[in-house]
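Starting from the known structure of chain X, fit chain A onto it as the hints suggest.
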Amino acid sequence: MATKIIVDCSTGITTEVELTAEEVAQREVDAAAYAIQQAEREAAEAAKADAKLSAQAKLAALGLSGEEIAALG
Amino acid sequence: MATANTFTQIGSTVTVGSGGAATISFSSIPATYTDLKILLSLKSPVTTAAYEVFGINFNNSTSYQGRVLYYWFGTASTGSETTFTKSSTTYARVFDTGINTLSTTYLNPNIYSSTEIYIPNYAGGTNYKVYGAVNASENNSASDGGFLELAAGLSSNATAITTITVAGRDNDFMQYSTASLYGILKY
Chain X
1 MATKIIVDCS TGITTEVELT AEEVAQREVD AAAYAIQQAE REAAEAAKAD
51 AKLSAQAKLA ALGLSGEEIA ALG
Chain A
1 MATANTFTQI GSTVTVGSGG AATISFSSIP ATYTDLKILL SLKSPVTTAA
51 YEVFGINFNN STSYQGRVLY YWFGTASTGS ETTFTKSSTT YARVFDTGIN
101 TLSTTYLNPN IYSSTEIYIP NYAGGTNYKV YGAVNASENN SASDGGFLEL
151 AAGLSSNATA ITTITVAGRD NDFMQYSTAS LYGILKY
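Heads up: the protein sequence lines correspond to chains X and A, in order.
Take 1 as the starting number for the first sequence in our numbering and just add one per residue.
Take 1 as the starting number for the second sequence in our numbering and just add one per residue.
Same shape as in the complex, but just chain A:
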């Protein structure tokens, strides 16, 4: 029995082994919490670009409808903002955000990106699911600041979330990448 006003790890922290991993999933997520939080430390083996992306999927869905708002600060520009509506019968990702790569050009070969995702009221069976995410794929450089992104969105699917999958775009997550899931019980 979960206790009110608590922040509890669900399952165990995943640490990717030497072979890498294409996806990391948390399945059979119990409905006993109010909200979920996911903490990620990830790295992509790409060497030709400053940043790669990874995506989040709910319930192994292969379609998506919803909206997402991004605000990001990239290495090559001072900032940009995009609001758009996503709708796809094939695209599985609820949203994408940045991940550090092995690029030596951008000074980040040893740095893992950090991402925090918050999903309130994930277990409701009648409400569309909203989420907020903060991502920092920094470069450890004062002159080449990295990639910082804020994202908030709405998934137009009222099904309770029982599975969450984190997936690289087209590359595996590297060894020592980690993923942790937490349940928050407010009352």
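Okay, chain X solo, but in the shape it has when bound:
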């Protein structure tokens, strides 16, 4: 069973107790929420990278050099 460590700053006493059922459930919710958030973050970054590559290709087709495209950032 997973445990939690608690430092009571008013007494200085540290205790270790098992997670409650509610805390276990919250942990699962957090894990799922983080996975969704991470997937959205990675998808947004991938879309941004794809758009940049597409824009660079179009600029190259217009005759800009690699250095000129890089200078645009």
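To spell it out: a stretch of chain A is covered by chain X in this simulated footprint if at least three of its residues, at any positions, have a beta carbon under 8 Å from a beta carbon of chain X; those stretches are: (1) 3-15; (2) 24-37; (3) 49-62; (4) 168-177.
35 Å max Cα-Cα, derived DSBU-like pairs, lysine-lysine: (5) K4(X) x K37(A); (6) K37(A) x K186(A); (7) K48(X) x K58(X); (8) K186(A) x K4(X).
These are computed hints drawn from the structure, not numbers from a lab.
All C-beta atoms, glycine included, are put in the ideal place defined by N, C-alpha and C.
Just chain A, lined up with the frame of chain X:
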């Protein structure tokens, strides 16, 4: 009575035992300081990924509203930046950041990640809470540099912070992980 211009440990340093720990909490944090600083040395038992994440929670809240800005440098890319607004009625984490794992692929089986979190004006009862964090989950490798992250954010909750919890995403913190809390009194 706390003294001005001091940096004082609150409670004691937690060192995780052989059984691991899902969370580490500092409760009943006194309101006598100006700012708080948390220092963490953590490790996750995951073996299949270079990095895991852990989260920070204020006041055992099970909801969150706010904004966070991350800038990170990962092993697999030269860097990335994301700004977003977080709002959730179920997600308890104010923010997440990296933690070293037991992955041997990424050369870090013996290295604990280091994180420093600064929370100014934590005891105010009318101000939203801001924070800044620096995290280094390095690999001890010149060619595979690890994961470095800067985070800054705002929690849209004006309640004074009296409890701070550090929680692994879905794995325990390993033995010898440590957490320390400090109070800073500026004046």
